[in-house]
Amino acid sequence: LAKTTQPISMDSYEGQEVNITCSHNNIATNDYITWYQQFPSQGPRFIIQGYKTKVTNEVASLFIPADRKSSTLSLPRVSLSDTAVYYCLVGDNDYKLSFGAGTTVTVRA
Amino acid sequence: GAGVSQTPSNKVTEKGKYVELRCDPISGHTALYWYRQSLGQGPEFLIYFQGTGAADDSGLPNDRFFAVRPEGSVSTLKIQRTERGDSAMYLCASSPGTGGATYQETQYFGPGTRLLVL
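So the sequences go chain by chain: A and B. 58 is the number that this note's numbering gives to position 58 of the first sequence; each next residue is one higher, with no gaps. Just add 1000 to wherever you are in the second sequence, counting from 1, and you've got this note's numbering.
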């Protein structure tokens, strides 16, 4: 499984855009990049998945450069309810998700 | 539809006791997973079921841990002779289990069972 590195924590304010960059230098050709979100006392929840370029859904955008050695999760106009831990995962058809410690995002009023 | 459910939500037990944690996956999902999450850490894989069989149990920490899924739906994680170090959040997830997919299949997690061993 490709190893990922992401910041331990990030602080933001309501209404701002939050960008979390994940480094995955050893990503394999068939690997996809997936992000999960976890609120306190809940299980993780799928946010977005991509392979290359840009993916956007109703929750977030995922930017992946051509070399795919990193990716950036973008949360537009965050609110207090976006305070959570965000995990970057890399793999292809892996049933064993490898979460790491994730990035704790704290949104303040 | 209903998501993954886990019971109990909290379990307090004494060292040495036996506990069972239950997981009801999303209806129709053939793949089921158990993870364990300690405070401040991400979830760690324990075991993966495809249907009734355990396809990979390499994450189970020792032989005190066992899981079953006899009818291919509900699963039970069993812990014998509990130790204080077993205290953690135990998460269950399920996915459709479509074989041959090239993408990473989304796993749908339950709310977890918080186990405290005194």
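Keep in mind the hints are simulated off the structure, nothing from the lab. Just to be clear, a hint being listed does not mean it is correct.
[Stated by the list, open to error] Taking CB as the label site, the calculated pair distances span:
id, chain 1, residue 1, chain 2, residue 2, range
1, A, THR104, B, GLY1085, 42 to 50 Å
2, B, PRO1061, A, THR83, 37 to 45 Å
3, A, PHE39, B, PRO1096, 22 to 30 Å
4, B, TYR1018, A, GLN16, 47 to 55 Å
5, B, ARG1081, A, ASP11, 37 to 45 Å
Using N, Cα and C, we set each Cβ at its ideal position, and we do this for glycine too.
Hints that the structure is at odds with (numbers, increasing): Failing hints, ascending: 1 and 2.
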